[in-house]
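Visitor: Sequence:
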Amino acid sequence: ILYVGAREMLLALNTRTFSPGPQHQQLTWHAEDEKKQQCIFKGKDPQVGNARSLGPIRAAWTQQELPVAGLSWCSLLPSLPPCLPLQRDCHNYIKVLLQLNETHLYTCGTSAFSPTCTYISLPVFQLQRDPSGQLLLEDGKGRCPF
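Per UniProt numbering, the sequence shown runs over residues 1 to 146.
Just so you know, the hints here were simulated from the structure itself, not pulled from any lab data. From a predicted model like this one, the values you see are computed outputs, not experimental measurements. Positions of the beta carbon are idealized from the N, C-alpha and C atoms, including for glycine. There may be inaccurate statements among the hints.
The list that follows gives simulated cross-link-like pairs (lysine to any residue, SDA-like), each with its CA atoms no further than 25 Å apart [what the hints assert, rightly or not]:
| id | residue 1 | residue 2 |
| --- | --- | --- |
| 1 | Lys35 | Ile1 |
| 2 | Lys95 | Ile1 |
| 3 | Lys35 | Cys117 |
| 4 | Lys44 | Phe113 |
| 5 | Lys141 | Tyr106 |
| 6 | Lys42 | Phe113 |
| 7 | Lys44 | Gly5 |
Pair ranges (Cβ atoms, derived) [as the list claims (entries may be wrong)]:
| id | residue 1 | residue 2 | range |
| --- | --- | --- | --- |
| 8 | Arg16 | Gln37 | 23 to 33 Å |
| 9 | Arg7 | Gln128 | 20 to 30 Å |
| 10 | Thr15 | Lys42 | 36 to 46 Å |
| 11 | Asn101 | Lys42 | 34 to 44 Å |
| 12 | Lys42 | Phe125 | 24 to 34 Å |
Please put together the full structure from these sequences, using the hints given.
Guide: Below, the structure written as structure tokens:
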């Protein structure tokens, strides 16, 4: 099994097929609404990231370069692809996946610029909860890049 972290999602893939199906599991882990609001308050854009860090942005956009449904930006640098999708800042990007043993996976995400870590129960592929039903979350600062 290959564990993959993505934006607000973890996947367990069968390495023989790498395709969805009975051997494919998916787990959603969103950043909390309060952390998303704090992220916006910190000056992060809730919708688009900072493309200037990757290269200059063209002044004139066409509908093909900047469609409403999927924003993109175009670089004038020859070393970068001509158009790249903009990232969205205030989400939970899964950055750390560590299999502790046969039953648990330790994972950390950016959690809207407030890194958070948790455990995943592998037999059921769900976030681990305490006896009262609350998610077991730990501060991820120093453990997870954000």
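Visitor: Does each hint hold? Answer for all of them.
Guide: Now for the hints, and whether the structure bears them out:
For the proposed pair Lys35 and Ile1, the alpha carbon gap of about 31 Å is over 25 Å, so the pair is violated. Only pairs whose Cα atoms come within 25 Å are accepted, and Lys95 paired with Ile1 is accepted, the gap being roughly 18 Å. Taking the CA atoms of Lys35 and Cys117, the gap is near 14 Å; set against the 25 Å cutoff, the hint holds. With a C-alpha separation of about 9 Å, the suggested pair Lys44 and Phe113 falls inside the 25 Å cut-off, and the hint holds.
A threshold of 25 Å between alpha carbons decides the hint, and for Lys141 with Tyr106 the separation of about 15 Å falls inside it, so the pair holds. For the proposed pair Lys42 and Phe113, the alpha carbon gap of about 9 Å is at most 25 Å, so the pair holds. A threshold of 25 Å between alpha carbons decides the hint, and for Lys44 with Gly5 the separation of about 22 Å falls inside it, so the pair holds. Checked against the hint of 23 to 33 Å, the C-beta distance between Arg16 and Gln37 comes to roughly 43 Å, which is inconsistent with it.
Evaluation of the 20 to 30 Å hint for Arg7 and Gln128 yields a pass: the beta carbon distance comes to about 21 Å. About 39 Å separates the C-beta atoms of Thr15 and Lys42, a value consistent with the hinted range of 36 to 46 Å. For Asn101 and Lys42, the hinted distance range of 34 to 44 Å is satisfied, since their beta carbons lie about 36 Å from each other. For the hinted restraint 24 to 34 Å between Lys42 and Phe125, the CB-CB distance of approximately 32 Å keeps it satisfied.
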